[in-house]
Amino acid sequence: MSSATSPLPGRTFVAYARVSTQQQGRSGLGLEAQEAAIRAFLRPEDRLLAPIFVEVESGRRTDRPELAKAIARCRATGAVLLIAKLDRLSRDAHFLLGLSKAGVEFVAADMPHANRLTVGIMALVAEEEARAISARTKAALAAAKARGVKLGAPKGTRPAATQESVRSGAKASAEARSMTADHRAHAVLPIVEELRAEGASSLHQLAAGLNARGIPTPRGDGSWTATAVRRVLLRAGKEAA
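For the sequence shown, the positions run 14 to 254 when the working numbering is used.
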């Protein structure tokens, strides 16, 4: 009896790409690279349904008609949603939450290990980042106003801020950043525990696993290191590996 394993069957995909401006959408800048990533992801036995749905976004627009069409096509055909570059959307909480709730199978060409848990964590990080920025801004303005700084000064002039108001604003900003870091640390824990269950026992192995799955770092950029993992575990009250 042969012990050779049968090749995996091909899958059907519906592809989705996104560019950020009308000019970029017309010129194709950035889009060609995404289409190349999509086709490089596919195996010979896979099938890509036409067309590739391309979202051209600008400003703060949050509705995504092309994504809705791509998801509807997946539901109608049973295809898998293939996202060209998920890292382009790592700070877009609205998109990430919508993706995790879409109810269709998806995969990212640039983050093949990403799943609903990964996307959920990315959405949480993006939400916390937006909330932290808002909190820091409001706290700094409130502190400045409380110390007598006149907000909304005439054009071409700068309001005089006292040293105490600056210190108060800096303190409020630091507290907001600390709260955000706590949320992010706890959000990453499920992935860390999953990696440990799969055999990752050192900080370096955990960092490599987080990078492989495309989990954003606490700062939202760069790559995970053993030191970064240790800080997250300590902040979350977990013993470092």
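Careful: at least some of the hints might be erroneous.
[Unchecked claim] When the alpha-carbon atoms are kept at most 27 Å apart in a straight line, the in silico DSS-like pairs for lysine-lysine are as follows: (1) 114 <-> 98; (2) 114 <-> 151; (3) 98 <-> 82.
[Claimed, not checked] Label pairs and their computed distance ranges (CB to CB): (4) 45 <-> 125: 17 to 23 Å; (5) 240 <-> 56: 23 to 29 Å; (6) 155 <-> 224: 36 to 42 Å; (7) 209 <-> 159: 45 to 51 Å; (8) 52 <-> 239: 56 to 62 Å; (9) 126 <-> 33: 21 to 27 Å; (10) 207 <-> 59: 24 to 30 Å; (11) 129 <-> 243: 49 to 55 Å; (12) 154 <-> 64: 43 to 49 Å; (13) 89 <-> 215: 41 to 47 Å.
Keep in mind the hints are simulated off the structure, nothing from the lab. Beta carbons are placed, not taken as given, at the ideal position from N, Cα and C, and that holds for glycine.
Now the hints, each set against the structure:
no., hint, result
1, 114 <-> 98, "19 Å, holds"
2, 114 <-> 151, "31 Å, violated"
3, 98 <-> 82, "18 Å, holds"
4, 45 <-> 125: 17 to 23 Å, "21 Å, holds"
5, 240 <-> 56: 23 to 29 Å, "37 Å, violated"
6, 155 <-> 224: 36 to 42 Å, "39 Å, holds"
7, 209 <-> 159: 45 to 51 Å, "47 Å, holds"
8, 52 <-> 239: 56 to 62 Å, "36 Å, violated"
9, 126 <-> 33: 21 to 27 Å, "25 Å, holds"
10, 207 <-> 59: 24 to 30 Å, "27 Å, holds"
11, 129 <-> 243: 49 to 55 Å, "27 Å, violated"
12, 154 <-> 64: 43 to 49 Å, "47 Å, holds"
13, 89 <-> 215: 41 to 47 Å, "46 Å, holds"
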